[in-house]
Amino acid sequence: MGPKMNALSVENVWKRFASLMVLEDAKLDVASGERHAIIGPNGAGKTTLFNIVSGLLRPDSGRVFLGTAEITSLSPDKISLMGLSRTFQVTNLLMNLTAYENVRLAVQSRLKMLHNALTRVERIPGIRERAEEKLTQVNLEHKMSEQAGKLSYGEQRQLEIGVALATDPDVLLLDEPTAGMSPVETERVSQLILSLPRTVTIVFVDHDMDVVFSLAHRVTVLHAGRVIAQGPKDVVRCLSEVMDAYLGHDRSQECLLS
Amino acid sequence: MSELTPYLSPFLSGLAYSMLLFLVAAGLSVIFGLMNVANLAHGTFYMIGGYIGYSVVRYTGNFWLGLLVAPVVVAAIGLALEMATLRPLYKRGHLLQVLLTFGFVFIGLDLVKWIWGSDVHSIDPPAILAWSVEIAGQGFPVYRLFLIGFGLLMAIGLWFLLERSSVGAIVRSGVSDKEMAQGLGINIPAVFSCTFGLGAGLAAAGGVLAAPVLGLFPGIDFDILIVTLVVVVVGGMGTFRGCFWGSLLIGQLDTFGKVFFPRFSLFLIYLAMAVILVIKPSGLFGVEEQ
Amino acid sequence: MNSSVTQSPAMAGRYIVLALIAALALVPFLAPKYMVNLLTEILIFGLLAASLDLVLGYTGLASLGHAAFFGAGAYTVGILAVKGHCTSVLAAVPAALLVSMVLALIVGFFSLRTSGIYFLMITLAFGQMLFALVHKWTELSGGSDGCSLGKRPIIQLLSPYLTVDFSDYRHFYLVVLVTVLLAFVALRGVVKLPLGQVAVGIRENELRVRFMGFNTFAYKLAMFVISGCFAGLAGILYMYFNAFISPEELSWVMSGKVLVMVILGGVGTVYGSVLGAGTLLLMENWLSSYTERWLLILGSIFVFFVLFAPEGLVGVFRGAAARWGRK
Chain F
1 MGPKMNALSV
11 ENVWKRFASL
21 MVLEDAKLDV
31 ASGERHAIIG
41 PNGAGKTTLF
51 NIVSGLLRPD
61 SGRVFLGTAE
71 ITSLSPDKIS
81 LMGLSRTFQV
91 TNLLMNLTAY
101 ENVRLAVQSR
111 LKMLHNALTR
121 VERIPGIRER
131 AEEKLTQVNL
141 EHKMSEQAGK
151 LSYGEQRQLE
161 IGVALATDPD
171 VLLLDEPTAG
181 MSPVETERVS
191 QLILSLPRTV
201 TIVFVDHDMD
211 VVFSLAHRVT
221 VLHAGRVIAQ
231 GPKDVVRCLS
241 EVMDAYLGHD
251 RSQECLLS
Chain G
1 MSELTPYLSP
11 FLSGLAYSML
21 LFLVAAGLSV
31 IFGLMNVANL
41 AHGTFYMIGG
51 YIGYSVVRYT
61 GNFWLGLLVA
71 PVVVAAIGLA
81 LEMATLRPLY
91 KRGHLLQVLL
101 TFGFVFIGLD
111 LVKWIWGSDV
121 HSIDPPAILA
131 WSVEIAGQGF
141 PVYRLFLIGF
151 GLLMAIGLWF
161 LLERSSVGAI
171 VRSGVSDKEM
181 AQGLGINIPA
191 VFSCTFGLGA
201 GLAAAGGVLA
211 APVLGLFPGI
221 DFDILIVTLV
231 VVVVGGMGTF
241 RGCFWGSLLI
251 GQLDTFGKVF
261 FPRFSLFLIY
271 LAMAVILVIK
281 PSGLFGVEEQ
Chain D
1 MNSSVTQSPA
11 MAGRYIVLAL
21 IAALALVPFL
31 APKYMVNLLT
41 EILIFGLLAA
51 SLDLVLGYTG
61 LASLGHAAFF
71 GAGAYTVGIL
81 AVKGHCTSVL
91 AAVPAALLVS
101 MVLALIVGFF
111 SLRTSGIYFL
121 MITLAFGQML
131 FALVHKWTEL
141 SGGSDGCSLG
151 KRPIIQLLSP
161 YLTVDFSDYR
171 HFYLVVLVTV
181 LLAFVALRGV
191 VKLPLGQVAV
201 GIRENELRVR
211 FMGFNTFAYK
221 LAMFVISGCF
231 AGLAGILYMY
241 FNAFISPEEL
251 SWVMSGKVLV
261 MVILGGVGTV
271 YGSVLGAGTL
281 LLMENWLSSY
291 TERWLLILGS
301 IFVFFVLFAP
311 EGLVGVFRGA
321 AARWGRK
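Protein chains in written order, with our numbering: chain F, 1 to 258; chain G, 1 to 290; chain D, 1 to 327.
Next comes chain F alone, as it looks inside the complex (with noise of 0.2 Å):
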């Protein structure tokens, strides 16, 4: 173990559906705190990294660990409990639940069963508070008692995050967390992942260049599952390759001014 310890780090992973070769040989290290974004046009393998992560899918071959525990083969539940939260590209809520709801259950899982188990959830000190709390970080406090399905779509957006927050998570994934945005939802929550402490980690998946560039220190390039730059955002952007593949020739601008 080297003297900086990684927040997260995924090591040499493959991943086959049937014949197609999803991840080929994919490997992240993301420090403690950091902002890590990762890019790749469809198809690149950037939801089965995350689902791989995140304990919803085995890879073939590879590992991951978070912090020094490793969580490869690892259930979701279990991986949740030791600190890793997501967020999904599809809004995966609890629809007939109200946002309060969504949130407080996220809370409860941190809470010693046995030692509650025979107490109202309502009643279980401080769980109101907390939920409240995570709800407002979200500022989705004016909407608590909302039905998680009637929410507009970005505020579903935000629900998502804060869910995944309430379980202070020290390594969070962001699965698109803009997708489907117009410029003041994807303002609004830009300036929220901005916001948030630097005691999470945060890895990102997300089309918008602008937040991309504007939130992330280090950069991962995904293409056809293949890792094709990883560093320091400044230093990727600028890579022939990525400007080629993904980004397009308009961003070359600012590598020669920079």
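Quick list of in silico lysine to aspartate or glutamate cross-link-like pairs, EDC-like style, CA-CA up to 16 Å:
#: 1; chain 1: D; residue 1: K192; chain 2: F; residue 2: E122
#: 2; chain 1: F; residue 1: K143; chain 2: F; residue 2: E132
#: 3; chain 1: F; residue 1: K78; chain 2: D; residue 2: E206
Reference listing, derived: stretches of chain D covered by chain G, where coverage requires no fewer than 3 residues with Cβ under 8 Å from a Cβ of chain G:
#: 4; stretch: 104-116
#: 5; stretch: 119-125
#: 6; stretch: 247-260
#: 7; stretch: 287-299
It is worth saying that the hints were derived from the structure and are not from the lab.
For every residue, glycine included, the Cβ atom is placed at its ideal position computed from N, Cα and C.
Since the structure of chain F is already known, use the hints to place chains G and D on it.
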């Protein structure tokens, strides 16, 4: 070779039973694979098919006519039921659809009791098959050999239909991407209805073919349903290979169980199901849901 | 005295329920014997339906083998009396509850590895397996002849002041009423507990709940076992009521009837179970005096409700009450 002879007769009987199971399970599996509906009334189709075959044979004396008429009639009933009652429920979720079919089980059972009474009936095998052949020093009914042959033929035919024909391609396209198929002009609701009818017809054929061996009485619907359910759970729901090998496995297990452990034969197949559920819940050839 | 107070439907509902309970408590002193017995039966099956609703309505698991736990409770009481020569209620009740819960644990352990339609089919298969077991193991269960209780117990509470004689239909009715009411309070309470909240979450979106950190398999199993416990309790009460149990009470027909009761009453409501049970039993009683084709009618009712009113009777009432409230 002589050590194996006591096993030969049960093995062949087991094969015959497996083929019967395959016919019935194939219908259930295809319906589930395509429409994601577990038709609990599948055993009812089997039973009604058997009884209709019985009536046809009683009035015409012709077994083959019964084997032809019963599946056609039951397929038509299945088709009509699907169009009238299942179709409106597609938007409402699978649970309601399954529950609906459960209601049909009650109705079917009572109808059978009403029309044919509660006594045990049977169909005699056709004259050309009603003799025995000597196998391993014992008489073995030729009818059961016929079942094995017929079942294998049907298996090959179904495989051809599903994997190699354009009809099968349409069905399989409906399975993997309904919207795309509909965009290409394929009438998905019609495909569903016909598939349901086909499944019902297969079960009915199974009922007629099984009658000389297993008999006809109110209650065979659930007996066969349970065994068929075990077959598709063990083999894997919605896959052809799973259906075939599942039928073989369960058919043999059940037959050998009845011969060598008569008191526990029923539990052997439940044990198989329990083991599969622990090792691979999606079945031997089943596809895990992503 | 308030004038023209528009009370919310929830408050009105609460008063109606209290009034109903009071009425039910008075029944044995006012009504003829056959009616008291009918109500006893309705309460027992209402409890059974409510136990199924716990897994179906709250956790989202459709189980078609619940008759097995009901029968297990009843048979344990019977077998203890006949084979174990033990008629003590104090011994029989915990034993029967334990048997039901262990059975639910075993069945749940295997079947909860699947979900949705697979789960439904597998519970069906396990239910049939128990039916076959009881049918064949004649030395233990009496096979198709069933199991008779013989003499119903008499309990001395605060003796000699209070004697509860189970063979007295009025005493027994009150025992059942108190037991079922307590059970309903417990069942309603479960939802408000952490366990119940997770169960509801599982019903809504199991994947999300897993990602929150919950071992959903364990929670589903817990709900299943609790449900089995209450089903077993219903079985115990039934055995004391009927003094006889046969394998028929374990069959899929019975499981189906319980499911119909839940659907009739409304999935996800506790009181609805009693309504559903009452409706079904009353219909069965009335119609079977006219025709033998009872199953046909039952199936048709089921089909009707699935097609046109899956929210059940309580759903219908709630809709009506909501419309009244808005006036």
